Structure formats: structure tokens, C-alpha cells
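Engineer: These are the residues of each chain, in order.
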Amino acid sequence: MTAIAIARRPDRPALVRAVCVREWREALANKLLVGMTLLPPFVILLAGITAVAAAAVNPPSERDVQALYAAAPAVQGLDPKEAVQGFIATYFLILFMLIPTVVPLTMAIYSVIGEKQMRTLEPLLAAPVGVGELLFAKSIASTVPSVIVTWTAYAIYLASVASLGSRAAVNAVTAPRWILAIVVMVPLLTLLSVNLGILISTRVNDVRVAQQIGGLVVVPVVGIGIAQVTGRVVINNEGFLQFSLFLIAADLVVFWLAKLAFQRENILVRWR
Amino acid sequence: MKTVLRTEKLTKRFGALTAVDGVDLEVREGEVFGYLGPNGAGKTTTLRLLCALIAPTSGGAEVAGFRLGREDAQIRAQVGILTEQPGLYERQSAWENLIFYATLYGLNGPTARAQSERFLRLMGLWERRFEAVATFSRGMKQKMAIARSALHEPRILFLDEPTTGLDPDAAKTVREFIVALRGEGRTVFLCTHNLDEADRLCDRIAFFRHKIIRIDTPDHLRAELYGRATEFRLMPSPRPEDLVRVKAVPGVHDARLENGSIIVEAPDPLRTNPLLIRTLIDGGAQIAFVTERKPHLEDVYLKIVEGHA
Numbered sequence: 017m018t019a020i021a022i023a024r025r026p027d028r029p030a031l032v033r034a035v036c037v038r039e040w041r042e043a044l045a046n047k048l049l050v051g052m053t054l055l056p057p058f059v060i061l062l063a064g065i066t067a068v069a070a071a072a073v074n075p076p077s078e079r080d081v082q083a084l085y086a087a088a089p090a091v092q093g094l095d096p097k098e099a100v101q102g103f104i105a106t107y108f109l110i111l112f113m114l115i116p117t118v119v120p121l122t123m124a125i126y127s128v129i130g131e132k133q134m135r136t137l138e139p140l141l142a143a144p145v146g147v148g149e150l151l152f153a154k155s156i157a158s159t160v161p162s163v164i165v166t167w168t169a170y171a172i173y174l175a176s177v178a179s180l181g182s183r184a185a186v187n188a189v190t191a192p193r194w195i196l197a198i199v200v201m202v203p204l205l206t207l208l209s210v211n212l213g214i215l216i217s218t219r220v221n222d223v224r225v226a227q228q229i230g231g232l233v234v235v236p237v238v239g240i241g242i243a244q245v246t247g248r249v250v251i252n253n254e255g256f257l258q259f260s261l262f263l264i265a266a267d268l269v270v271f272w273l274a275k276l277a278f279q280r281e282n283i284l285v286r287w288r
Numbered sequence: 429m430k431t432v433l434r435t436e437k438l439t440k441r442f443g444a445l446t447a448v449d450g451v452d453l454e455v456r457e458g459e460v461f462g463y464l465g466p467n468g469a470g471k472t473t474t475l476r477l478l479c480a481l482i483a484p485t486s487g488g489a490e491v492a493g494f495r496l497g498r499e500d501a502q503i504r505a506q507v508g509i510l511t512e513q514p515g516l517y518e519r520q521s522a523w524e525n526l527i528f529y530a531t532l533y534g535l536n537g538p539t540a541r542a543q544s545e546r547f548l549r550l551m552g553l554w555e556r557r558f559e560a561v562a563t564f565s566r567g568m569k570q571k572m573a574i575a576r577s578a579l580h581e582p583r584i585l586f587l588d589e590p591t592t593g594l595d596p597d598a599a600k601t602v603r604e605f606i607v608a609l610r611g612e613g614r615t616v617f618l619c620t621h622n623l624d625e626a627d628r629l630c631d632r633i634a635f636f637r638h639k640i641i642r643i644d645t646p647d648h649l650r651a652e653l654y655g656r657a658t659e660f661r662l663m664p665s666p667r668p669e670d671l672v673r674v675k676a677v678p679g680v681h682d683a684r685l686e687n688g689s690i691i692v693e694a695p696d697p698l699r700t701n702p703l704l705i706r707t708l709i710d711g712g713a714q715i716a717f718v719t720e721r722k723p724h725l726e727d728v729y730l731k732i733v734e735g736h737a
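Chains A and B, in that order, give the protein sequences. Per this note's numbering: the first sequence = residues 17 to 288. Per this note's numbering: the second sequence = residues 429 to 737.
Rather than coming from a laboratory, the hints here were simulated on the basis of the structure. Owing to the predicted nature of the structure, the values given are computational and were not obtained by experimental measurement. We put the beta carbon where it would ideally sit given N, CA and C, even for glycine. There may be inaccurate statements among the hints.
Just a few of them, taken from the derived set where beta-carbon distance is under 8 Å, the chain B residues facing chain A [stated by the list, open to error]: (1) Phe442; (2) Thr446; (3) Thr511.
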């Protein structure tokens, strides 16, 4: 009697769905991970709303206005109160761009180091699935929640600014390049952070060490953001497009590097 | 029987260490093949090679009709592996674990659910299917891992120490499962330190220490190393003249007294034993029982593997 195996390579949507569902269940059951995922957007959101509300209630002093004009030439000429609110609203939007760099990093790191610690990688790799497909599914599993969290936080911030802030604050938050940044750059930054997290996780076994290394990804984002808000660098449409293309290229390169590191033999023989 | 697994000079080196050295193997369809060797002999590395998890340094293999290195995904679809560690997602339920793996093996929804139910029932875990695996005992986790490895009905199932650390009841369930797989025509490649288990389950055994030392059936290995011995228990105890008579019977190679019995070594016991019984009775001996004397596989293992070292 010849036995028959009923297995075959799973199709990609089914694989991605299965990996996502499994990882999300795992993440939701890990209170520390849930806390670390939700805390940064919550703090940024709370601080942003409070700052805009405070600026709406308390008119700025002459000294504050002069300091603001000096630091951010872009807002010169606006009504002082409007300028301060617009400045604050924009400043916190930059902090929103940190969410897709910080939040998915933790999840991506847990997604690989967690499997290492649970010793679940060998049976996983024994399945008829390509490592690239597996990595792609893991990337999506970490990217989607982070993008949803960032978009949700942005929507709450937008609604809060609209109800608490001035016209200038609303205009700042709904400026086309910021909407595009939220819609286009957030997923790209998230993917970059996720794949960087996976890449780092292939080399270290400690979640905290991986987070510290991965945390460096926020530095260029903060730098560009500060330069933009202070008017030192003005990201116009062309600059925005170039930065998006750079992010796409960086995403592809980091994914490729992660795929190189995430090979069956490396994982089973060299990872400890 | 058809050959389902064949290796040709399969070799795996890690730097200066040769873990698997020129292994030539042929495993037949529907047999339980024991792979026995000391710790660090390279058994797990062999399993990983044959499951297309790592690549050989040289040599090759054909597994379930697919070529290692060229058709690795097909090989992985045709084989199942029970790894040393159960490697289950502990925060998730037994059901969620199996459904996840069923999806990875390409089973569609209804098939995935049917197979998960079948194997959970087979392993006696159906009633606890919605409980987190973290709450399971070690034996239950091992049974879960076995269920996962067999979920997609692999043609060859590689089991690495399947009963280590299990209580007798759980170990029995696993052994019965292996026998059932053989009954379905599936091949089981069993790595074990449990020589009694190998003796009971395996059709053939390979003794391995980086390279294959010997391959044969357990009975042939015993017969070759220790001859075929029969124990004659006499009441109240054998007399010296009984031993002299026994030694004189044609076909007897050797006979000795041991704990109130005469142990007779003869290459053809089917022919010699009736003569021996008649001789002893004619000589006035009272025979309590006659039984075939099997040396433990452990003795065979130690003689071959330790002797080889």
C-alpha cells in the first residue's frame, strides 16, 4: 500500500492570513507587548491634544512669539496665537511619525526572538513554505497593526485639533503633505522598522538589546522632522516624492538583507 | 517493498566537524526504521538533512521520490518531523496550533479541521482542544507535537526521541500510533535512545555514529553477535550429567549452566530443540519450560557501537 501525503505549498494569501492571525493572537495574549505597543501612541496623543488645548486657552507671551519666529521662520506673519497653535500642532505631527518606527519594532522583534525562545522555528521551517514568503507574512503581521494604530491616533488627533484648536492648527494638521505623509510614509516607515527589527532579531537573542539597536531608526526621522518644522528644510512635493522613493528602496534593501539572514540553515545551526 | 528514501554518500560538515559522514541508506516504504546512536552522533543532523532543512556538504538523497537540493519544498510537503523540542505556541490552544500548521501545509479549511479533529482524538486530546498548550503536561505536549507532525499525512515521518520523558501510558499511545502508521503504509524513521522501544517497533535498525556502522533487523543482529540461544529450565535444577548429554547432541555449538537453567547455543534451534528435549527426558530430567533466549538489544548496541568506537 502506497501512502499519500495530502500537503502542498499553501497559497500566499492563506499563508499571510494564517501567520497574521497566529501572531496577533500571540501578541494579544502578551500583556507586556500590548502595553509597549499602545503606550507610545497614547502618550504622544495625550501630550499633543493637551498642548494644543493649552495653547488655545493661554495666549503666548511676546517673548514666546519672538522665540517662535526665530526658531520657525515659516510661521512669521501669522497671528501669534494662530502661529503658536499651528507650530504645536505640526510639532506633534512629527512625533506621530515616530509611532511607525517605534511600535512595530517591538512586535517584529518579538515575532522572531519570541519564536527563538519558544523553539518554534524548526517545525515552522519544516513546512513547505519559502523563507521569503514566511518573512513577508511576518512583516505584514507586524506592519498592519502599527499602521492602524498610527492612523487611528492621527484621526483622534485631527478630531481633537478641529474641536480645540484654531484654523491655523487645523490647516497645519490637514496640510496635503502631512496627509500624504500619514497615508504613504507611515506604511513605508513601518515596513522599514519591521524589517530592520527582523534583521536585528536574527543576530541577537535579547529583546531589549534588539530594541536598543532598532531604536536608532528614529534618529533620522526626528532630525528631518525637526528641520522641517523649524523651516530649516522645507520638504516640498518633489522632496516628498524623493523621500518616499528612498523609503521604498530602503524597505526593499532591508527586506532583502533580512531574507539573507533568515535562512533555514542559519536559523537551525547558528542561532542560539 | 519500494524504496522511499535513498541516500548516496550523504555528508554534512560544520567547519572541522563531520557530523554525517558518507551515509548510504535505503529505507523501504511502510517500514519502521530505527536510527540508533549515542548523543552527538549526528542523528538530528541526519534528520534535518533528510527533511530539507539544511543542505548537505556533499552527497545526495532522494526522499519520497524528490531530489534533495532541487525539490526541497516538495520533500517538505511529503515528510513530517517531530523535533527534539515540541516547539508549540504555548499561549494558543491545541486546536489553534493544529489549524495553523494545517494551513502551512496547504490543507483547505474543511480538511484542516477534519485532520485536526482526527489527530486530537487519536492522541486523546480532543476534550482539551480549546485549552492553551501552556497548561498541558509534558506528555500531552509531546503528543500534540506528534499530531502536528502527522497532520498532513506524510509519506515519511521522522521522529526524534518521540517517547523521551513520557509516562508509560503516553509512551504506549505513541507506540500504538507508530504501529498504526506502518499499517497505513507510511514509513517511520525513528531516532531513539530507547532500545527496548526500537526492538519492539523497528523492522530494521541502523547503528550510527557519524557514519553507518551496521544495518539489519534486530533479530539478525542478535543472532549474528550472540548466536541463537535456548533456555531449558529444569526442576529442581540441572545436574552435571544433563549438561554433558546436552553438549553431545548434534547441532549444539555450546551449552552452559546459568541460574538453574541450561543455556544452549545452536544455529538451528528448530531442528536441535526437539532432540534436546527428548535427550533430557530420556536422561530423567524434568523440564519446567523451554524458551528462546534473546539478548537485549542494549547488549547488541553496546557491542556494535561501543566496539566501533
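Engineer: Take the hints in turn and mark each one as holding or not.
Structural biologist: Going through the hints against the structure:
no. : hint   : in the structure
1   : Phe442 : 7 Å, holds
2   : Thr446 : 14 Å, violated
3   : Thr511 : 5 Å, holds
Hint 2 alone, counting from the list given before, is not met by this structure.
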